[in-house]
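UniProt numbering puts the first residue of the sequence shown at 1, with every later residue one more than the last.
These are calculated hints, taken from the structure and not from any lab test.
Keep in mind it's a predicted model, so treat the numbers as computed, not measured.
Check each hint, because a few of them may be wrong.
What the hints assert, rightly or not - Straight-line alpha carbon distances no greater than 20 Å define the calculated DMTMM-like cross-link-like pairs of lysine to aspartate or glutamate that follow:
{"no.": "1", "residue 1": "K117", "residue 2": "D5"}
{"no.": "2", "residue 1": "K117", "residue 2": "D58"}
{"no.": "3", "residue 1": "K9", "residue 2": "E22"}
{"no.": "4", "residue 1": "K9", "residue 2": "D42"}
{"no.": "5", "residue 1": "K59", "residue 2": "D42"}
{"no.": "6", "residue 1": "K174", "residue 2": "D164"}
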Amino acid sequence: MYRPDWGSKSCAACNDHSGSEETPVRNALQQALASSCTGKIDVIGHSMGATLAAQQIDKLAIASQVNSFVGIAGAFRGLLSCGVYPYNVWNSTCGSAGLSVSSPFLDGLYGIRFGQKVYSIKSYSDQVVCSTGSCLVYGIHSSSIWGENASYNYLLGHFGLQTDTAAQQYQLIK
1 MYRPDWGSKS
11 CAACNDHSGS
21 EETPVRNALQ
31 QALASSCTGK
41 IDVIGHSMGA
51 TLAAQQIDKL
61 AIASQVNSFV
71 GIAGAFRGLL
81 SCGVYPYNVW
91 NSTCGSAGLS
101 VSSPFLDGLY
111 GIRFGQKVYS
121 IKSYSDQVVC
131 STGSCLVYGI
141 HSSSIWGENA
151 SYNYLLGHFG
161 LQTDTAAQQY
171 QLIK
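Construct the entire structure; sequences and hints are all you get.
Now the structure itself:
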């Protein structure tokens with residue numbers, strides 16, 4: 001199991017999907033593939049870790065080697081709290097390499113497949129993805145991933161989705 005250590009721990013709003021945030025995630029994916037007995041891996045990502053993993057899967061062109069991709073509380077369609085790009089871009093997280101709705105980063109990921117099986121785990125009680133009172137971006141939950149095989153909804157907050165869905169996460173990758 002590889003768990004990359006990326007991003008600022010003291011300034012979450014300083015994190016985005018470029019530069020130093022990319023390297024640990026890319027390295028973890030490459031190390032996991034190098035040590036895989038089957039030539040395939042499963043990827044589970046939470047929040048910005050999910051969108052970072054998706055980005056690196058695309059950049060490395062390894063989606064065919066990802067058996068299951070599980071995005072937990074990821075803002076794949078953007079954060080309404082960031083506004084619509086290029087408006088209301090008030091920090092790195094909401095910038096061009098961040099999670100503003102229709103940011104160049106998110107538009108570049110749209111429609112890409114991140115594994116043979118793709119799942120989302122989400123909540124309508126997520127205090128980050130749904131911080132404006134709505135989780136919907138253009139009528140679709142922001143944590144929904146295009147072309148997903150299945151999506152699972154829980155009555156949990158942003159971090160509870162990560163910690164309290166371990167059994168579901170295991171079922172999706174076993």
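Hints versus structure:
1. Of the supplied pair hints, the one linking K117 and D5 is violated, its CA atoms being roughly 25 Å apart against a limit of 20 Å.
2. For a cut-off of 20 Å, the pair hint linking K117 to D58 stands: about 15 Å separates their Cα positions.
3. Of the pairs offered as hints, the one joining K9 and E22 holds, with about 15 Å between alpha carbons and a cut-off of 20 Å not exceeded.
4. Pair hint K9 plus D42 does not hold up; C-alpha atoms about 25 Å apart against a cutoff of 20 Å.
5. Note on K59 and D42: the hinted pairing holds, with a Cα-Cα distance of about 17 Å set against a maximum of 20 Å.
6. Distance hint between K174 and D164 is fulfilled; the C-alpha atoms sit about 18 Å from each other, no more than 20 Å.
Going down the numbered hints, you'll see the structure goes against 1 and 4, while the others check out.
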